[in-house]
Amino acid sequence: MANHKGVLVCGEIADGKLAPITIELLGVGRKLADELTEELCILLMGGKTGGLDKEAIAYGADQVYVAEDSLLDGYNSDAYTQVTANLCQEVLPSIMLLGHTDVGCDLAPRLNARLGGGLAMDCMGLSIDPATKVLVSTRPIFGGNAYATVLSKLARPQMATLRQKTVPPAERNDARQGQVIPVENKIDPSGLKVKVIDRIKEEVEGVKLEDAEVVVAGGRGIGSAQNFEMIRELARVLGGSVGATRPPCDEGWTPVMVQIGQSGKVVSPKLYIAVALSGAMSHIVGCLGSKVIVAINKDPEANIFSVAHLGIVADFKEVLPALTSKFKELLPTQK
Amino acid sequence: MHTIVCIKQVLDPEIPPAKFKIDPEGKKVIPPPGVPPVISVFDERAVEAACRLKDKHKGKITVISMGPGKVADVIKHAIAMGADDGFVLQDPAFENLDSFGTAYVLGKAIQKIGGYDLVLCGRYSADWNNGQVGSILAEILGISVVTSACDIEAVDKKLRVKRILKDGYEVLEAPMPSLITVSGEIGLPRLPAGMRLMIASKKQIPVWKAQDIGAEPSALDKANAHLEVTGLSVPARKTECEFVTGNTPGEAADNLALKLVKLM
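One line per chain: the protein sequences are X and Z, in this order.
With the numbering used here, letter number 257 in the first sequence gets 1416, and the count goes up by one each step, no holes.
With the numbering used here, letter number 200 in the second sequence gets 331, and the count goes up by one each step, no holes.
Extracted from the complex, chain X is given alone in its bound form (with noise of 0.2 Å):
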């Protein structure tokens, strides 16, 4: 133990560049590794991972390990996990923090299973505790109605994904020095035993839920594929996304893609609509970060109440309609 030194972040690459996450994981790293007065390392992993390198020490990397290989061009799960885990048993980091994103999910716990390290996921605070100097993890547990702090005191590496948005990204200067290392360790084929046959891409109308400033979202009382189309209506005339909790998308009523909450998507826009969801601390979670949360619900007594900012009481059929041609009188430029 006393031989693991270091803070390693497992990049992601997406669309040839260095991932949001990343950059957020480079600079909460960065943290880590000044107070324990350690290096920041970062392994990067692809086909071609042309220039990323410079990026990553601009970022904040000491040291870029970088894995290219025609078997990482596109997530691998079994290439990925056999790389990252042969470099960590070399460089030994006694932190090592990935992504909570589609990646992270699946290679940590691989990953954790094979060095039997301490992971804790989908974390949203990381902090080094100063009298024992052990990583110290915040998690949201049980949908988000209660925190855990969570560490290793014996297993290394110490590991945590983060989740998304949640530290600001790293700053870049460009001025930065550091070290690119190529990983020379070729791939076992005969570890490659999960074959990748496709990957298909689900387009989602309009704006990316992620991205969007004002979402709409619908709930069990919307009732009906039909009842669903005032959501996406007043989504639209809004410029916004549609977003949904469970049990709309468990229904068929919108595409699973668009659900919010603890099992689907974080989303942080500037106007978050709630309608005719009760607000289950699981749905909750996803949508906390918003500017302005609007609640509609016949209920008073409505979960979703207690974190909105403003909130009508009645039948959304009666609201929507309202709501929407109202809209469309303000907004005049918008379609």
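Fair warning: there could be bad hints in the mix.
[Said to hold, decoys possible] Cut-off 35 Å, straight-line C-alpha distance, at most; resulting in silico cross-link-like pairs (DSBU-like, lysine-lysine): (1) X:K1207 <-> Z:K289; (2) X:K1429 <-> X:K1457; (3) Z:K159 <-> X:K1352; (4) X:K1424 <-> Z:K393; (5) X:K1360 <-> Z:K353; (6) X:K1476 <-> Z:K150; (7) Z:K340 <-> X:K1312; (8) Z:K159 <-> X:K1424; (9) Z:K150 <-> X:K1424; (10) X:K1324 <-> Z:K390.
[To be verified] In silico negatives: residues of chain X with every beta carbon more than 10 Å from chain Z: (11) N1245; (12) L1251; (13) R1331; (14) P1341.
[Claimed, not checked] Selected chain X positions facing chain Z (Cβ under 10 Å, derived; list incomplete): (15) G1186; (16) I1300; (17) N1304; (18) S1427.
Think of the hints as simulated: they come from the structure by calculation, not from any bench.
From a predicted model like this one, the values you see are computed outputs, not experimental measurements.
Don't be surprised by glycine CBs; every beta carbon is placed ideally from N, CA and C.
Chain X is already provided as a structure; the job is to place chain Z on it using the hints.
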């Protein structure tokens, strides 16, 4: 085809937040009286996935659940859905284990059952939301793992799995046996009904203790835990909600729109 499904009994996640209480000292959640625990959401979907495979390919489903109290209830629920057999893993030594400890116990039980083609778990539990047991269990069993499946098919002794992604899905091919964790997108679980409920209520569910599955005490020693909980708290959040009114709901809507336009 023999599928083993690992399920967990949890506090009903749909309870209103006001009923949610914790014991910060004991770092435990206090179950509200009168609210029966339920099968964890994604675990129920894992049972559903197993049932769909059985509908198509015949075979057998075995369900295991580790936990204190009446975990036999969730096994009976799974049997009522379509599972054939179930085992409860219960021992004071199994309580408050971390993900490694839990996976170790499940692994021992699965090795004892043997002869499986597929192991299913939920993507993560509705209580501690760790999402690690499946991957550790696969490593212990020495089999492949696919996480967050939204569809599973068995084709020519192989598993064709759709894995849900943020903006779509990927199609993977895994060997048999593999471990697959199931996500909510697989679809609604079937409702137990009729004869199945009868069968489930009469089913004997054996209870296995540590020695029944050959679990080593050292592997269950909390001093060897990989991760420990040092604090538990309930976030204080209370926003003052301003209620927008009008003579009719439509008028309230107009007033709301006027307020919001100023903020945009």
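Tested hints:
no.: 1; hint: X:K1207 <-> Z:K289; result: 31 Å, holds
no.: 2; hint: X:K1429 <-> X:K1457; result: 24 Å, holds
no.: 3; hint: Z:K159 <-> X:K1352; result: 40 Å, violated
no.: 4; hint: X:K1424 <-> Z:K393; result: 28 Å, holds
no.: 5; hint: X:K1360 <-> Z:K353; result: 44 Å, violated
no.: 6; hint: X:K1476 <-> Z:K150; result: 30 Å, holds
no.: 7; hint: Z:K340 <-> X:K1312; result: 28 Å, holds
no.: 8; hint: Z:K159 <-> X:K1424; result: 27 Å, holds
no.: 9; hint: Z:K150 <-> X:K1424; result: 25 Å, holds
no.: 10; hint: X:K1324 <-> Z:K390; result: 28 Å, holds
no.: 11; hint: N1245; result: 15 Å, holds
no.: 12; hint: L1251; result: 17 Å, holds
no.: 13; hint: R1331; result: 25 Å, holds
no.: 14; hint: P1341; result: 28 Å, holds
no.: 15; hint: G1186; result: 21 Å, violated
no.: 16; hint: I1300; result: 5 Å, holds
no.: 17; hint: N1304; result: 5 Å, holds
no.: 18; hint: S1427; result: 15 Å, violated
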